[in-house]
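**Q** Take 1 as the starting number for the sequence shown in our numbering and just add one per residue.
Simulated from the structure, these hints should not be mistaken for lab results. All of these numbers come straight from a predicted model, not from anything done at the bench. Watch out, some of these pointers could steer you wrong.
Taking CB as the label site, the calculated pair distances span [to be verified]:
(1) N23 / S167: 36 to 42 Å
(2) V172 / F315: 26 to 32 Å
(3) L145 / A261: 56 to 62 Å
(4) A261 / D308: 55 to 61 Å
(5) N245 / L188: 30 to 36 Å
We treat Cβ as the ideally placed atom computed from N, Cα and C, and that holds for glycine.
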Amino acid sequence: MIAYAIRRIALMAPTLFAIMVVNFVIVQAAPGGPVQQMIAKLRGNTISATERVSSGAGEIKMQSGDEATRYRGARGLDPAFIRALEKQYGFDKPPLQRFLSMIKNYATFDLGTSFFRDRRVVDLIRDKLPVSISIGLWTTLLTYLVSIPLGIRKAVRDGSRFDIWTSGVIIVGYAVPSFLFAVLLIVLFAGGSYLSLFPLRGLTSDNWGDLDWPRRILDYFWHIALPIAALVIGGFATLTMLTKNCFLDEINKQYVLTARAKGLTEHRILYGHVFRNAMLLVVAGFPAAFIGILFTGSLFIEVIFSLDGLGLLGFEAAINRDYPIMFGTLYVFTLIGLALKLISDLTYMLIDPRIDFARRGT
Numbered sequence: 001m002i003a004y005a006i007r008r009i010a011l012m013a014p015t016l017f018a019i020m021v022v023n024f025v026i027v028q029a030a031p032g033g034p035v036q037q038m039i040a041k042l043r044g045n046t047i048s049a050t051e052r053v054s055s056g057a058g059e060i061k062m063q064s065g066d067e068a069t070r071y072r073g074a075r076g077l078d079p080a081f082i083r084a085l086e087k088q089y090g091f092d093k094p095p096l097q098r099f100l101s102m103i104k105n106y107a108t109f110d111l112g113t114s115f116f117r118d119r120r121v122v123d124l125i126r127d128k129l130p131v132s133i134s135i136g137l138w139t140t141l142l143t144y145l146v147s148i149p150l151g152i153r154k155a156v157r158d159g160s161r162f163d164i165w166t167s168g169v170i171i172v173g174y175a176v177p178s179f180l181f182a183v184l185l186i187v188l189f190a191g192g193s194y195l196s197l198f199p200l201r202g203l204t205s206d207n208w209g210d211l212d213w214p215r216r217i218l219d220y221f222w223h224i225a226l227p228i229a230a231l232v233i234g235g236f237a238t239l240t241m242l243t244k245n246c247f248l249d250e251i252n253k254q255y256v257l258t259a260r261a262k263g264l265t266e267h268r269i270l271y272g273h274v275f276r277n278a279m280l281l282v283v284a285g286f287p288a289a290f291i292g293i294l295f296t297g298s299l300f301i302e303v304i305f306s307l308d309g310l311g312l313l314g315f316e317a318a319i320n321r322d323y324p325i326m327f328g329t330l331y332v333f334t335l336i337g338l339a340l341k342l343i344s345d346l347t348y349m350l351i352d353p354r355i356d357f358a359r360r361g362t
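Input sequences plus hints: build the corresponding full structure.
**A** Here's what the structure looks like:
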């Protein structure tokens, strides 16, 4: 196990480097860089994220190093001022030099300074990360609390009416993404069209600091109720079916027939023998489930409910072309994902010694 962990840790560096290369190339090819964003703000204009830059009136061309750079809407601005903007944002250097400098700084966790927030990216991520982790942990915990009992019940009553109609609910939960459930919950319960029982924005109320601790806790859960509900509804289907299939596989094994022949009760068989074996994969998959919730679901939920986490920070950075935040959040997300994936594999090996990834060469 130790040799496998060391090998996986050694592979993290080239994996992380490859991910950063691909994303750097994609971002550089996208229209509307930070210099264009600043020019648009200075002129009181806005630039669409999908706007294409083409030659014509209102476009200025100037030489910066060996590359020609075009900026729409820069007519009337001093070229020296634009060159100063390029230097401020680091675009006076070739892309390869900028990328190598970024990777060198990232090796020491120097993620740079935000273009438009004027704060160190590390400080921004440190402030936003607890929000995203909080949402991910609560969602994962509640998803397990819902999915495991439901999956066990479906396995025990396989083929019954309960199994059939809950399968229909699971299909809906699997097919409909969590952000659509979020919109539905807002319409129904957050003042959209019907009831106004829950707040629409933020993680806490404006007067949260003035409340005592019991009321702070209640206020916190009041604000996260709808976001967590949307994520749980959109994410419980896969885990429920995994639990059911694991239990069905164990129930049909020979040791269960032997236990029944000895006269053990169904409850004793299910929770004394089957549960321990069937839950191995389910429990070991906790880190992987947390990765999926943190990376895929929480981003849209944070944007919809205006939760000040990494998802919303990365979304705003992408809109504003704030490259240090974009690459910094990507770097942190990738590191967390690789680390949790390793923890997930090691958890499988600890819970079930029969699983040996090292012998499989993975």
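**Q** Take the C-beta atom of A261 and the C-beta atom of D308, compute their distance, and say whether it sits inside 55 to 61 Å.
**A** With a Cβ separation near 59 Å, A261 and D308 satisfy 55 to 61 Å, so the hint holds.
**Q** Mind checking the hinted window 26 to 32 Å against the Cβ distance between V172 and F315?
**A** 27 Å, holds
**Q** Are N23 and S167 spaced within 36 to 42 Å by their CB atoms?
**A** At 39 Å between Cβs, range holds.
**Q** Per the hint of 30 to 36 Å, is the separation of the Cβ atoms of N245 and L188 within bounds?
**A** 33 Å, holds
**Q** Against the range 56 to 62 Å, how does the distance between the Cβ atoms of L145 and A261 compare: consistent or not?
**A** 34 Å, violated
Hint check: a violation occurs at hint 3 only; the rest are consistent with the structure.
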